[in-house]
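Residue numbers (this note's numbering), protein chains in the order written: chain Z, 2 to 348; chain S, 2 to 348; chain Y, 2 to 348; chain L, 2 to 348.
Just so you know, the hints here were simulated from the structure itself, not pulled from any lab data. Careful, some of the hints might be misleading.
Which copy? The list can't say, so a pair holds if one copy fits it or any two copies do.
Unchecked claim - Computed list of lysine-lysine pairs in DSS-like fashion (alpha-carbon distance at most 27 angstroms, straight line):
id, residue 1, residue 2
1, K24, K4
2, K122, K84
3, K55, K266
4, K255, K113
5, K255, K69
6, K142, K255
7, K141, K222
8, K57, K142
9, K266, K4
10, K55, K278
11, K141, K57
12, K250, K222
13, K57, K26
14, K57, K255
15, K59, K126
16, K266, K337
17, K55, K299
18, K337, K4
19, K55, K337
20, K84, K113
21, K24, K278
22, K226, K299
23, K93, K252
24, K55, K261
25, K113, K299
26, K278, K266
27, K250, K278
28, K113, K278
Protein chains: 4
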Amino acid sequence: MVKVGVIGATGYVGTELIRLLMKHKNVQIEAISSRTYDGQNYDDIYENYRDVFKLKCKDMDIAEMAEKVDLIFLALPHGIASKQLDKKILEKVKIIDMGADYRLSDVDNYEKWYATDHGSKDILKEAVYGLPELYREDIKKARIVANPGCYPTSSILSIYPLIREGIIDENSLIIDAKSGITGAGRSVNLATHFTESNESFKAYGIASHRHTPEIEEQLSKFSDKEIVLNFTPHLVPMNRGILTTSYAKMKVEKTYKEIKDIYDKYYGDEFFVRMTKENIFPETKWVKGSNFCDIGIKIDQRTNRIIVIGAIDNMIKGSAGQALQNMNIIFGFDEKEGIDDISIFPI
Amino acid sequence: MVKVGVIGATGYVGTELIRLLMKHKNVQIEAISSRTYDGQNYDDIYENYRDVFKLKCKDMDIAEMAEKVDLIFLALPHGIASKQLDKKILEKVKIIDMGADYRLSDVDNYEKWYATDHGSKDILKEAVYGLPELYREDIKKARIVANPGCYPTSSILSIYPLIREGIIDENSLIIDAKSGITGAGRSVNLATHFTESNESFKAYGIASHRHTPEIEEQLSKFSDKEIVLNFTPHLVPMNRGILTTSYAKMKVEKTYKEIKDIYDKYYGDEFFVRMTKENIFPETKWVKGSNFCDIGIKIDQRTNRIIVIGAIDNMIKGSAGQALQNMNIIFGFDEKEGIDDISIFPI
Amino acid sequence: MVKVGVIGATGYVGTELIRLLMKHKNVQIEAISSRTYDGQNYDDIYENYRDVFKLKCKDMDIAEMAEKVDLIFLALPHGIASKQLDKKILEKVKIIDMGADYRLSDVDNYEKWYATDHGSKDILKEAVYGLPELYREDIKKARIVANPGCYPTSSILSIYPLIREGIIDENSLIIDAKSGITGAGRSVNLATHFTESNESFKAYGIASHRHTPEIEEQLSKFSDKEIVLNFTPHLVPMNRGILTTSYAKMKVEKTYKEIKDIYDKYYGDEFFVRMTKENIFPETKWVKGSNFCDIGIKIDQRTNRIIVIGAIDNMIKGSAGQALQNMNIIFGFDEKEGIDDISIFPI
Amino acid sequence: MVKVGVIGATGYVGTELIRLLMKHKNVQIEAISSRTYDGQNYDDIYENYRDVFKLKCKDMDIAEMAEKVDLIFLALPHGIASKQLDKKILEKVKIIDMGADYRLSDVDNYEKWYATDHGSKDILKEAVYGLPELYREDIKKARIVANPGCYPTSSILSIYPLIREGIIDENSLIIDAKSGITGAGRSVNLATHFTESNESFKAYGIASHRHTPEIEEQLSKFSDKEIVLNFTPHLVPMNRGILTTSYAKMKVEKTYKEIKDIYDKYYGDEFFVRMTKENIFPETKWVKGSNFCDIGIKIDQRTNRIIVIGAIDNMIKGSAGQALQNMNIIFGFDEKEGIDDISIFPI
């Protein structure tokens, strides 16, 4: 049994992670850390764990937890992990960071978009971007994995084959994204007060959301041009799910069938990426509660644009599930272990 | 008192219209027609009208109703109005058609996108597109007004000043639209079954929605180029509201202030179009239940695109409210009469 | 024009009140007070008021506002009004208190259930309970009206005729109540965070909710027995609406028709109380956005119980609308002025 | 591997069952039957099964399926199973009926409440009511199990210890129940159209719901009196979950601690029944997606009533999960196999 710990165990990402880890047959949750709930029983915080999960939260930093476990999941606000982590810790323990500190390999970009210093630039160099469908081989050898943001997971998986194959005009990309409200986390504020967000729809972070440089950097790695794009997130009055609608001009003429074959080339063997049938498009309900990313494509001949719809569960493929997938790869477990549930429907 | 009638009185558009007409001080609802509910009390169909609205539905065609009233509102599926209407009727009565039959002035376009013959091409020629902010003077003199579609109302109002002033590249336009489920009407089907649409988000009508040619035709009228664009509607799990996120490349360099001035030039005197302050963007909750269209703009210097957010209540400014606005213009009433309520919040 | 002021203008009750007052033809809103938003434009706080309501908030206490207006609406947490009000103020201005301080005429009961001292027991004696259907004549002459709680409005109106006529066993009453989340107000907390309350249902305040003694006291006034009952509120994942399901043993044998006649005796002339037809029952959607209270009754011969369903909009008949109704009575306006809208449906 | 079949595989209960059966390590789904979708791939009907479940639907009756499998789950409207089943089939195959035909042991009661003849009264005699916490030993030996209704599961588990121990007045019972909309199934109709049920709350089946006699019959079996009670279901605008609020007069004086001990006596060893801590009460979100039934109790000394809150997932403990639990008992599997997931939160 691999021993794991979770730091930031009482946020939504943390609790989703614990739920999935409990189902994993090769893993034992050894320690959970929370500053706010230090000393409290986990099932007093989250009643769904009542009688079935008995750990107490304890406030621990990364170094302290590194003495107890084989792998640590970090579910922390940006800026904390990079200041606590150092090379000595990485010699003792594997790290999967679900926060933002190691996602951008360009430090300047990080410091500009996140408006804070990066505390461990040396470690940043070795961090592997944890999108298994793109970086599986690197993840196998990684000591530290930067788990992707929720929006980038759906956005990059949707567009990656088109960029790799030079199908689209790199500077024509527009990603219009929509997320359920779990994406905003558990901290209360007026914008996520029930009666302020229920039965309403809005955009936010227009031309300024921090997932923009993450998507740009990743797609640029597979292009000979530097990609600059528009990314606009919106808030959907529902708990979970991300849907991304991506638009790009086609540089070459292709049929649906040809484009579909390209996606199959990259994702045909990927369990967690599913292509919908022609003229069927992803809906968040079909992936909610699962680690799948569903993708559907449409070519609009009138405008010569391709439209790609991607859908994920923001808490699973967009966060905790992908973290488990990365753990499975690191330890050589079956990549699906613990995360092979399909969506519960209707839920 | 102007006598009005409603044909298609028991759908969602019909019932919203009756609610607004009841509040109008210069109007008397003389007759309401419904095929399905012929002979039934209106307040047995919609319990919110209990004890306060006493008319019975009667199945009547347009010609029959034209004998009784000064103006008829049509809330019918496409293809019916164009077959019932003729010039003789128009000599007796004003028509505001909330359906699609007279929205496209290009008959071929209509017949292609709606896959049906147009039954009264002669009348189509004189129909005025009922977007008061663009066509107020024509509406004053019109015998027949084609009330715009819900998505076109928000889309066109959002983009119109940019096209008029030649600010944007005409072929770079992408409109990513999101609507509450009232847009789908009252007819039951699996897609709008509560448990199939609640807590999920999806696109539909991708590259094929019938509001596309309507938006293109209207914007093209104010451009020297023929505009072809991408329009993608999505379904939001909420009752009401449309938000459109529009993207276009800027042809000229402009500051936020300069663009804002352009919008003010066109909408500064318009009661029902409101510009949000800089970096504040429309949310559907602020217009729900009202006839307002809120618009917010953002210039993204990184991509040289302008992003315009528009929000309306799809049942009011997107349908019944705009119909009343048109009626007010036709009869010379105060344009706000009956439709000056602000949004109820939170509702 | 009557000049009115609102203290506590930026909570949900305050903003609903301002919306309704704006529609009232005999009233001018002279001043609005808010501690939190002192000095801010109201339409910067609530964007639905953008461009149509131009007042600024100013932090004022009751005495200060009493110099400026004819009537003050108080929308304050309990315990504040009773400490600020005094007889001198009442000589200058009418008060409609939408808080709890003057609802219970039994001071001991108030101090026990609200766990605070009452600051103006002398004024409490003259306060009139503002349920117009029961106390219209007293309200006409009142200087201070205690606007009822949301749950009591639906509960008392549902049960009152049965108590008045001695139909039910006074100690068999159980009121199982359900409310939308606006009832919890605008202050953020974990329980009303979107993702904590959406798609879930729970009871709260079981056997301890402060509206219990209010219902008991009012019903007891019309009975020769002191009524002690069970009242259980529940939270429904929706914005607005209260539905109360009340159960009581029948002391006498009555048919549906006979019971219906009793309700008609009390409510037949009441515009805002509507009886549903037999075997049709209230739903919150039919009253949402309106000042109506819909009531439906069912006699269960198997158990000899009567079940009464009541539905109101908690923000309107349950709060701001009823406050306007009381104002209309006090000043001799048409009782429906400003509050005669029917429900918008679907919204 | 035990071979199982599902008849009625494409309704909500059917699809939930298949999802759970796929996770079960001792079971193979051999055949799935659907009349409506005969010949179609299951993952073309439910996209969440895309690529991971490859069976086709085939229209089969019970006798035909009995040739292929060891156990059949029936998910059919009432009246069908009782007409298709006979003793010969029961010699070949075990049956778990998730419909209503074998839930009431009193045939007259069945025929009265369901307004249809019962087609196999001989089989009804041997059917075991499939509530494992009450009838585990009988289920072990059963050839046919009548899986309880969703409301009865929560209602009976909530009240059973109080009846067994003679704590409450048998004729004082009132069960006020609330359900998410999956309870209404997948057939479209106006009442469950999104915009008709969203953001509204209502009661239905008042004093006439068919789960009433089921609850009465079961509770009466453990009492020396025949229990007649009020049961009122309500529809909550959410997908899943049932919460029952039960009220009864106490015949004897007991403290919370004493009552809690009684519940622990019956449920202390039951994995799927969880008691909340004192003054913590069940919420549907904590059981949604799980097979748990959470129960919380409150004694109101003012009224001498006990209030019991029960919560289940109507599709799992209220239907498909309980069916699997029964299957596990019949075949001697670990009772938790396939159904030990905790609630996903927030979802």
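Verification of the supplied hints:
no., hint, verdict
1, K24 <-> K4, "both (14 angstroms within a copy, 25 angstroms between copies)"
2, K122 <-> K84, "within (10 angstroms within a copy, 59 angstroms between copies)"
3, K55 <-> K266, "between (45 angstroms within a copy, 22 angstroms between copies)"
4, K255 <-> K113, "between (39 angstroms within a copy, 25 angstroms between copies)"
5, K255 <-> K69, "neither (54 angstroms within a copy, 48 angstroms between copies)"
6, K142 <-> K255, "neither (37 angstroms within a copy, 49 angstroms between copies)"
7, K141 <-> K222, "within (20 angstroms within a copy, 58 angstroms between copies)"
8, K57 <-> K142, "neither (32 angstroms within a copy, 42 angstroms between copies)"
9, K266 <-> K4, "neither (36 angstroms within a copy, 36 angstroms between copies)"
10, K55 <-> K278, "between (44 angstroms within a copy, 15 angstroms between copies)"
11, K141 <-> K57, "neither (31 angstroms within a copy, 38 angstroms between copies)"
12, K250 <-> K222, "both (20 angstroms within a copy, 25 angstroms between copies)"
13, K57 <-> K26, "within (21 angstroms within a copy, 31 angstroms between copies)"
14, K57 <-> K255, "neither (57 angstroms within a copy, 33 angstroms between copies)"
15, K59 <-> K126, "neither (31 angstroms within a copy, 55 angstroms between copies)"
16, K266 <-> K337, "within (20 angstroms within a copy, 41 angstroms between copies)"
17, K55 <-> K299, "between (49 angstroms within a copy, 25 angstroms between copies)"
18, K337 <-> K4, "both (19 angstroms within a copy, 25 angstroms between copies)"
19, K55 <-> K337, "both (26 angstroms within a copy, 18 angstroms between copies)"
20, K84 <-> K113, "within (17 angstroms within a copy, 52 angstroms between copies)"
21, K24 <-> K278, "between (31 angstroms within a copy, 25 angstroms between copies)"
22, K226 <-> K299, "both (24 angstroms within a copy, 26 angstroms between copies)"
23, K93 <-> K252, "neither (49 angstroms within a copy, 56 angstroms between copies)"
24, K55 <-> K261, "between (48 angstroms within a copy, 21 angstroms between copies)"
25, K113 <-> K299, "between (36 angstroms within a copy, 20 angstroms between copies)"
26, K278 <-> K266, "within (16 angstroms within a copy, 48 angstroms between copies)"
27, K250 <-> K278, "within (22 angstroms within a copy, 33 angstroms between copies)"
28, K113 <-> K278, "between (41 angstroms within a copy, 26 angstroms between copies)"
Violated hints, in rising order: 5, 6, 8, 9, 11, 14, 15, 23; the structure is consistent with all others.
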